Amino acid sequence: MSDDLIRFDRVSKFYGDVLGVNKVDLRIPPGITSLVGPNGSGKTTLMNLMAGLIHPGSGTVSVRGISPFAPEQLMRILGYATQYDAAPRGLTGFDFVLSGLLLHGFPRPDAVRRATHAIETVALTSAARRKIAAYSKGMRQRIRLAQAIAHDPAVLVLDEPLNGLDPVVRAETIALFRDYAARGRHVILSSHVLQEVDVFSDQVILIANGMVVAEGAIRSVREEIHEHPSQYLLRCAEPARAAALLFTHAGILEARIDPGGAGLLVITRQREAFALAVQRLAVDGLAIDGLEPLDENVDALYEYLIGGGK
Amino acid sequence: MNQIWIIARLEIRRAFFSRRALWVYLLALFPAALFLGRAASVHYDRREYAAKPATPAAILDRLPAGTTDKDALAAAGPPIRDRQWRRGEVEHRSLHYFDGYNRVWLQFENGALKTTRRLPLHSFEQDTRIYAGVFQYFYLRLAIFFGCLGIFLNLFRGEMIDKSLHYWFLAPVRRETLVLGKYCAGLIAAAVIFGGGALLSFAALLSYQTSADLETYLQTDALAHGLWYLLAAVLGCAGYGSVFLAAGLVLRNPIIPALVMLLWESINGFLPELLQKLSVLHYLQSLCPVPAPLDPSAPPLARMILSPAAPASAWTALPGLLAVTALVLYLATRAARRLEINYGGE
Ligand SMILES: Nc1ncnc2c1ncn2[C@@H]1O[C@H](COP(=O)(O)OP(=O)(O)OP(=O)(O)O)[C@@H](O)[C@H]1O
Ligand SMILES: [Mg+2]
Chain A
1 MSDDLIRFDR VSKFYGDVLG VNKVDLRIPP GITSLVGPNG SGKTTLMNLM
51 AGLIHPGSGT VSVRGISPFA PEQLMRILGY ATQYDAAPRG LTGFDFVLSG
101 LLLHGFPRPD AVRRATHAIE TVALTSAARR KIAAYSKGMR QRIRLAQAIA
151 HDPAVLVLDE PLNGLDPVVR AETIALFRDY AARGRHVILS SHVLQEVDVF
201 SDQVILIANG MVVAEGAIRS VREEIHEHPS QYLLRCAEPA RAAALLFTHA
251 GILEARIDPG GAGLLVITRQ REAFALAVQR LAVDGLAIDG LEPLDENVDA
301 LYEYLIGGGK
Chain B
1 MNQIWIIARL EIRRAFFSRR ALWVYLLALF PAALFLGRAA SVHYDRREYA
51 AKPATPAAIL DRLPAGTTDK DALAAAGPPI RDRQWRRGEV EHRSLHYFDG
101 YNRVWLQFEN GALKTTRRLP LHSFEQDTRI YAGVFQYFYL RLAIFFGCLG
151 IFLNLFRGEM IDKSLHYWFL APVRRETLVL GKYCAGLIAA AVIFGGGALL
201 SFAALLSYQT SADLETYLQT DALAHGLWYL LAAVLGCAGY GSVFLAAGLV
251 LRNPIIPALV MLLWESINGF LPELLQKLSV LHYLQSLCPV PAPLDPSAPP
301 LARMILSPAA PASAWTALPG LLAVTALVLY LATRAARRLE INYGGE
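Those sequence lines, one after another, are chains A and B. Just so you know, we're using my numbering here: the first sequence kicks off at 1 and counts up by one. Just so you know, we're using my numbering here: the second sequence kicks off at 1 and counts up by one.
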């Protein structure tokens, strides 16, 4: 099966009873794709699942037609710079990249050439012969990037690759992503700030609480966020009458009588218009006991993402 | 195959020079140190007695029981040491001689020769039996056991603690290959350290024997015994190594597998026959060329623990041990396939 997508089919992963990700369905085409979500939303979990570092509790993952259960095939086409800061003890930057290439089975001269090139790409040549233990955080970030790209993979997975990079290196790194994407490869990266990645991403996947809340080209995701419907519970004695009255106003997607008898459940895209309509109901003499937003968390998430985490 | 070798080569430095490995060397070198110490003391004794007057054995042997101390002194000349003491009604006297090979004590009661005690300066026989005891009870049971614990448990668990295991998982190698590669690295390190320790201590044992003893031994059993000791040490590493490698894959706490294994190996003699076959020590015992000394007056429980039933011949023990090792390694590769990166607290 020739397949150039990264697929997640109803993938769930629990750590004991902590939710990692829940029923994720994804089709990721080549290009730059950014996973965006706050801390603990499941970005690393998704990436580890792609690379087979962890395995799904249910559902299946496939990367360009290869199962992550077959590392001997997958790792030939995948390079992954993890968020784990540790490096093998006592190695220099060069030896670190070189040992990865030797494991790939490259003959030594070839491996040396590739390692040199990869380290050059991440602008670490001058520090290559020093022990990684003596590197700064940003340098460790870059040496891991070097190891991930050293074997020229078709799928590049990078967990928060821009963290700790200074502006110059950051621009160079982004140029590298673009170059990869232009050659029909996958570049998957993560960030918890949408603004950091939206300029250069072809696709964005928003994650919250282990679920994909929006995905697609950056423009459509932005629209989706803006038009994200809100749910409210309208507490009142006559929900049926309230529903009839509310539908005469625009902007209501759905209104349902709460089976528990608490009132009327309303889904709307236009919060202000809806608030006005509710006020008018009260003026019209309908007894209203209260109005409660039901998904404040999701609202807050979108505010957070659009606001760039500020 | 090639990949296993690449992994082993990358890994072997860590197996030899890990910070956690220092005590492994101490364990491995302990018997050698012990027998070097023995060599030094024998050497010292020899020098000391060489300076002393030797009384021909013929004279000392000819003294019958009942000889008076005066007659003995007249016949044998002045002793090396002369001790007299009194207990109750009995007057004791002990005359110490050296006949050039044996230390001899003539023991008198109330002036009449009662017994003649003869002890060689050192006995080759006895030393080889002591060596067998040290090898089986200390080296195989404890030194190699804990040494392999240190080396093999760390192959995976150590990297989980260092948070560097994922680099191996991100290489294009099967998990099975990775397990075997790391096992080879550990086995090479353990075999060199403990095989070396065994040979060194064996050499130390031979280093102070009299040339006559040594010559006969070299012409008969020395080579075979040395090889069997080496083989038992290396196979011990292979067997224990596989178990601890597997334990390091599955468990986080090293104490638990160590205790369970130690208990398992000790009570092995009490287990049904089928379960006995799943023990490393069970096979190692019959690979040792010289049976270990066992005090027949020891309580049966202790005897059972110290020397459980073992396969009759080394040639059946060998494939048995290899089969157990292979089985454990197979289970380890199964566990490795399912293993996930979970450094905890991330
Ligand atoms: N090894 C683990 N054991 C238990 N829970 C875990 C483990 N790894 C992740 N989790 C939980 O799974 C959820 C998702 O974690 P994940 O690391 O994927 O988030 P993330 O989006 O990468 O966060 P961050 O931005 O902080 O890196 C979190 O609630 C986290 O607590
Ligand atoms: Mg993360």
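For the record, the hints were derived by calculation from the structure and aren't laboratory data. All values reported here derive from a predicted model rather than from experimental measurement. Watch out, some of these pointers could steer you wrong.
When the alpha-carbon atoms are kept at most 25 Å apart in a straight line, the in silico DMTMM-like pairs for lysine to aspartate or glutamate are as follows [as the list claims (entries may be wrong)]:
#1 Lys163(B) <-> Asp95(A)
#2 Lys131(A) <-> Asp166(A)
#3 Lys23(A) <-> Glu340(B)
#4 Lys23(A) <-> Asp202(A)
#5 Lys137(A) <-> Glu196(A)
#6 Lys137(A) <-> Asp71(B)
#7 Lys163(B) <-> Asp9(A)
#8 Lys131(A) <-> Asp85(A)
#9 Lys70(B) <-> Asp99(B)
#10 Lys163(B) <-> Glu160(A)
#11 Lys23(A) <-> Asp9(A)
#12 Lys70(B) <-> Glu91(B)
#13 Lys163(B) <-> Glu215(A)
#14 Lys163(B) <-> Asp85(A)
#15 Lys114(B) <-> Asp69(B)
#16 Lys114(B) <-> Asp127(B)
#17 Lys23(A) <-> Glu215(A)
#18 Lys70(B) <-> Asp45(B)
#19 Lys52(B) <-> Asp162(B)
#20 Lys131(A) <-> Glu176(B)
#21 Lys131(A) <-> Glu120(A)
#22 Lys137(A) <-> Glu120(A)
#23 Lys137(A) <-> Asp110(A)
#24 Lys114(B) <-> Glu91(B)
Chain A side only, calculated, beta carbon under 8 Å to chain B, not exhaustive [said to hold, decoys possible]:
#25 Asn48
#26 Pro71
#27 Glu72
#28 Met75
#29 Arg76
#30 Thr82
#31 Tyr84
#32 Pro88
#33 Ser99
#34 Gly100
#35 Arg108
#36 Thr121
#37 Leu286
#38 Gly290
#39 Leu291
All residues carry an ideal CB built from backbone N, CA and C; glycine is no exception.
Here is what the structure says about each hint:
1. Proximity of Lys163(B) to Asp95(A) is assessed by CA-CA distance (about 18 Å); at most 25 Å being required, the pair is judged to hold.
2. Our distance criterion of 25 Å between C-alpha atoms is met by Lys131(A) and Asp166(A), whose separation comes to about 21 Å.
3. Restraint check for Lys23(A) and Glu340(B): the C-alpha separation of about 20 Å stays at or below 25 Å, so the hint holds.
4. Pair hint Lys23(A) plus Asp202(A) holds up; C-alpha atoms about 24 Å apart against a cutoff of 25 Å.
5. Distance check on the hinted pair: Lys137(A) and Glu196(A) sit about 19 Å apart at the alpha-carbon level, within 25 Å; holds.
6. A hinted pair counts as satisfied when its Cα atoms are at most 25 Å apart, and Lys137(A) with Asp71(B) does not qualify at roughly 92 Å.
7. Under the criterion of a C-alpha separation no larger than 25 Å, the hint pairing Lys163(B) with Asp9(A) is inconsistent with the structure, at around 29 Å.
8. Between the alpha carbons of Lys131(A) and Asp85(A) the distance comes to roughly 14 Å, so the proposed pair stays at or under 25 Å and holds.
9. Distance check on the hinted pair: Lys70(B) and Asp99(B) sit about 19 Å apart at the alpha-carbon level, within 25 Å; holds.
10. Between Lys163(B) and Glu160(A), the direct Cα distance comes to roughly 18 Å. Compliance with the 25 Å bound is thereby established for this hinted pair.
11. Only pairs whose Cα atoms come within 25 Å are accepted, and Lys23(A) paired with Asp9(A) is accepted, the gap being roughly 8 Å.
12. Only pairs whose Cα atoms come within 25 Å are accepted, and Lys70(B) paired with Glu91(B) is accepted, the gap being roughly 14 Å.
13. Using a Cα cut-off of 25 Å, the hinted pair Lys163(B) and Glu215(A) is violated, with the two alpha carbons roughly 32 Å apart.
14. Simply put, Lys163(B) and Asp85(A) have alpha-carbon atoms about 8 Å apart, close enough for the 25 Å limit, and the pair holds.
15. Distance restraint check for Lys114(B) and Asp69(B): the Cα-Cα separation of roughly 10 Å lies within the 25 Å cut-off, and the hinted pair is therefore satisfied.
16. Restraint check for Lys114(B) and Asp127(B): not satisfied, since their Cα atoms lie roughly 29 Å apart, outside the 25 Å limit.
17. Note on Lys23(A) and Glu215(A): the hinted pairing holds, with a Cα-Cα distance of about 15 Å set against a maximum of 25 Å.
18. With a C-alpha separation of about 29 Å, the suggested pairing of Lys70(B) with Asp45(B) is violated against the 25 Å cut-off.
19. Between Lys52(B) and Asp162(B) the alpha-carbon distance is near 63 Å, which puts this suggested pair outside the 25 Å criterion.
20. Restraint check: the Cα-Cα separation between Lys131(A) and Glu176(B) comes to about 30 Å, which exceeds 25 Å; the hinted pair is violated.
21. For the hint linking Lys131(A) to Glu120(A), the alpha-carbon distance of about 17 Å falls within 25 Å, and the restraint holds.
22. Only pairs whose Cα atoms come within 25 Å are accepted, and Lys137(A) paired with Glu120(A) is accepted, the gap being roughly 18 Å.
23. At roughly 29 Å between alpha-carbon atoms, Lys137(A) and Asp110(A) are farther apart than 25 Å, so this suggested pair is violated.
24. Proximity of Lys114(B) to Glu91(B) is assessed by CA-CA distance (about 12 Å); at most 25 Å being required, the pair is judged to hold.
25. Hint status for Asn48(A): holds, given a least beta-carbon distance of 7 Å to chain B, under 8 Å.
26. Because the beta carbon of Pro71(A) sits about 6 Å from the nearest beta carbon in chain B, less than 8 Å, this interface hint is met.
27. Below 8 Å, beta-carbon pairs count as interface contacts, and Glu72(A) has one with chain B at about 5 Å; its hint therefore holds.
28. Checking Met75(A) against chain B by beta carbon gives a least distance of about 4 Å; that is within 8 Å, so the hint holds.
29. The beta carbon of Arg76(A) comes within 5 Å of a beta carbon in chain B, closer than 8 Å, and the hint placing it at the interface holds.
30. The beta carbon of Thr82(A) comes within 6 Å of a beta carbon in chain B, closer than 8 Å, and the hint placing it at the interface holds.
31. Look at Tyr84(A): its Cβ gets to within about 5 Å of chain B, closer than 8 Å, so that hint holds up.
32. Of the supplied interface hints, the one on Pro88(A) holds, with its beta-carbon coming within about 5 Å of a beta-carbon of chain B, less than 8 Å.
33. About 5 Å separates the beta-carbon of Ser99(A) from the nearest beta-carbon of chain B, less than 8 Å, and the hint is met.
34. Given the 8 Å rule on beta carbons, the hint for Gly100(A) holds: about 7 Å separates it from the nearest Cβ of chain B.
35. A cut of 8 Å between beta carbons decides the hint on Arg108(A): the least distance to chain B is about 10 Å, and the hint is violated.
36. Residue-level restraint check for Thr121(A) is violated (minimum Cβ-Cβ distance to chain B is 18 Å; threshold 8 Å).
37. Against a cut-off of 8 Å between C-beta atoms, the interface hint on Leu286(A) is violated, since the closest Cβ of chain B lies about 53 Å away.
38. Hint status for Gly290(A): violated, given a least beta-carbon distance of 42 Å to chain B, over 8 Å.
39. At a threshold of 8 Å, the smallest CB-CB gap from Leu291(A) to chain B is about 41 Å, leaving the interface hint violated.
Hint compliance for this structure: hints 6, 7, 13, 16, 18, 19, 20, 23, 35, 36, 37, 38 and 39 are not met, and every other hint is.
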